[in-house]
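Asks: Sequence:
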Amino acid sequence: MLDSNMFDEVVDGNIDQSLLQNYDATYYVTKVQRRELENASGTRGQELLSKFETIADEEEHSIFAFGVEGAGWGDGAWASEEQGKAYDKIQEEHAPGESEDVNLSAVAVTQGITVVTADGRLQNALERTYPSQYLTKDEFISKLNSN
Numbered sequence: 168m169l170d171s172n173m174f175d176e177v178v179d180g181n182i183d184q185s186l187l188q189n190y191d192a193t194y195y196v197t198k199v200q201r202r203e204l205e206n207a208s209g210t211r212g213q214e215l216l217s218k219f220e221t222i223a224d225e226e227e228h229s230i231f232a233f234g235v236e237g238a239g240w241g242d243g244a245w246a247s248e249e250q251g252k253a254y255d256k257i258q259e260e261h262a263p264g265e266s267e268d269v270n271l272s273a274v275a276v277t278q279g280i281t282v283v284t285a286d287g288r289l290q291n292a293l294e295r296t297y298p299s300q301y302l303t304k305d306e307f308i309s310k311l312n313s314n
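Going by my numbering, the sequence shown opens with residue 168, and the numbers climb by one from there.
None of the hints are false.
So the derived label-pair ranges between C-beta atoms look like this:
| no. | residue 1 | residue 2 | range |
| --- | --- | --- | --- |
| 1 | Glu265 | Gly212 | 15 to 25 Å |
| 2 | Gln278 | Asn206 | 17 to 27 Å |
| 3 | Gly279 | Leu311 | 12 to 22 Å |
| 4 | Asp224 | Asn172 | 12 to 22 Å |
| 5 | Arg211 | Glu249 | 30 to 40 Å |
| 6 | Glu259 | Gly279 | 16 to 26 Å |
| 7 | Gln213 | Tyr190 | 19 to 29 Å |
| 8 | Gly209 | Asn181 | 19 to 29 Å |
| 9 | Glu226 | Tyr190 | 12 to 22 Å |
These aren't lab readings, by the way, just hints derived from the structure by calculation. These figures come from a predicted structure and were not determined experimentally. Glycine is no exception: its CB is placed at the ideal position from the N, C-alpha and C atoms.
Throw the hints in and build the complete structure from the sequences for me.
Replies: Shown next, in the form of structure tokens:
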């Protein structure tokens, strides 16, 4: 599951989109990432959303949460007990006010999906909670290049 910041990396040219498309993987997203990119303004927002649309393969339901765009009424799904525990565990290790990152991470780890992120705070939280279920941007680029 690509964190929203990974779409920035593609738009900025730090990750070659053709490598993503040629790599044998399914790119999962949630409505949380979609809403974050939709809220980006101007040309940049349009570029981000365009990359999202061409890269994302499958959309998972976000965990229902108040105050998180893409996870509210009509967008989010009630969390399973496992997702709720994962959410709480990651939230304890993550910076306050970053519910979007925690939401997508809890969905990913409970579905056996690897989170790919350039966010150091999220990497640290996942390292302490689910160390085998995330990749840093550099680790991901290395995998793409070795394909």
